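Asker: Here is how the chains run, residue by residue.
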Amino acid sequence: MSALTFTLKQRPDQRVDMSPLVCQALENLEPVEIAAIKLHCGKRKVRVDELFIVSGFDTKQILIKNSFAKLDYIGKDLDGGTIHVEGDVGAYCGMGMKSGAIKIHGNAGIYAGCEMKKGQLEISGNVGDFLGGALAGNKMGMKGGLILVKGNAGDRVGDHLRRGTILIEGSTGDYCGSRMIAGTIAVMGNTGKFLGHSMRRGTLLLWNSPKLSASFNDCGSHTLAFLPMLFKSFATLNSHFAEAASAFNRVQRYAGDMSETGRGEILVKIET
Amino acid sequence: MIINGVTIDATFAEAFPMKGTRAIITAQNEKWAMIAAQAMTGFATSVIACGCEAGIERVLTPDETPDGRPGVAIMIFAMGGKGLAKQLETRAGQCVLTSPTSALFAGIDGGIRIPLGKNLRYFGDGFQTSKVISGKRYWRIPVMDGEFLAEATTGQVDAIGGGNFLVLAQSQPQALAACEAAIEEMKKIPNVIMPFPGGVVRSGSKVGSKYKNLGASTNDAFCPTLKGSTKKTDLSPDVESVMEIVIDGLTKEDIDKAMRVGIQAVCDLGAENGITRISAGNYGGKLGPFHFHLQEIMA
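Protein sequence lines correspond, in order, to chains Z and Y.
With the numbering used here applied, the first sequence covers -3 to 268.
With the numbering used here applied, the second sequence covers 340 to 638.
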């Protein structure tokens, strides 16, 4: 059965709330019913078929074509199935997703994967601020699952991260891992200022030496047994993280943030 | 039934239900993985007084272990789940946590989850951290040689304990040589352990004793020095030594297989090496629901 495909006819001026178009919500709906779903577009409500050409039947596989940066909430609360997006996406992509997979073949806006619980979010381009973070005022960000970004990420990656893994092949902005509660963030590129600001627990795994705040203490160089297992768990990803050459187990360990509980860690690869 | 001059008695080994689990111990090299494994499975020959029966199942190559280091798979069996969990935890804490460079992982994915490193983490005094990798939780406990890595839980499954056979020989060295040959072959069978020293027990027991506070006592029917003094001896005049191999395993099929290769190895030595009979310990079918009939196994 072919994937249920939404091809954008033309770019609307206003932002579009795509949250109704998730696999579990479209299950058992006839094509005409899907076409008649109303989406918020600015202050208006518009029918799906007014914005998209709808084709295909398989509601477990959704394909969004001609996407652009004003399509928000793609895959919000997704609970099973896959969503592929060709083009950029707006804010809140994969927000609160419970299971399944989202693949973005383009860039993503702010709050991608925020407060997601499980599943996998893959972004081939760059991503905005608050990747895997918590919504403003909320105390817990991503609680599980995996986010893979092949480009760069903005500020506040993993803000209030509670659990789960964020992998970034590129670089991040400032405050990466800020207020982290637990979980893992791995960055192959560079990191900005105020790394791990107020982090309580969790691991920031870095390939390049960061600029550290005074509230992180050097714990020396170590060979850590869990690292090979962590890298092994990435083996099935379509990513540089899956390459054997990317794996290492020898790191410089910094503990912090000492202005918080200080049980978090920044692990920096040591070239051997 | 006679194989290579060795009589296979028309009797059966009687086994009983147990709870079992497997853990994988890894270390910097095989030597230290084995040291930790030997410590963890020490003083665990019989549930009669040890609280559990434990043994080394086999050595694992680095590509068979979760962390890619040399390892050893050990198995522990106990009469109940609670006892098993207690034994596992105390042994892991005293013997593996303490052993240099060691790490500890689950050896059974299914079954009822019982704590492995879950409670050992408190040794970290608040400095311990956990990592969830591929859906499994691991505890990283800071220790003086670095970090002790332990999977939070392992699986407890229904198992069988007390499979056995007796090797009757014309001399003690011949009985031991036959048992050694049997153990060598039985070690190759997965999912079983032979918990006694070197896999062999020379002091097989019967249920009960003339002394009220003892639940088990020497199996006088198979003691060669009592041939003339016990009420009922099972030994012919030419038998001078009897040794037993006890097998615990995850399933009846596993124990069947281990008994078959073990008995075959003994029979391969045959009558010319002083082996006269193969028998088995049973209690008239009153003790355990699992019966391993020797002649059926060797058929």
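Just so you know, these hints were derived from the structure itself, not from any lab.
Mixed in with the good hints, there may be bad ones.
[Claimed, not checked] Taking beta-carbon pairs under 10 Å as the criterion, some of the chain Z residues facing chain Y (in silico):
#	residue
1	V28
2	R159
3	G160
Since the structure is predicted, the reported quantities are computational estimates derived from the model, not experimental observations.
For each residue, glycine too, the CB sits at the ideal point set by N, CA and C.
Asker: Each hint should be assessed against the structure and marked as holding or not.
Answerer: The hints, checked one at a time:
no.: 1; hint: V28; result: violated, 40 Å
no.: 2; hint: R159; result: holds, 7 Å
no.: 3; hint: G160; result: holds, 8 Å
Violated hints amount to a single one, hint 1; each of the other numbered hints is respected by the structure.
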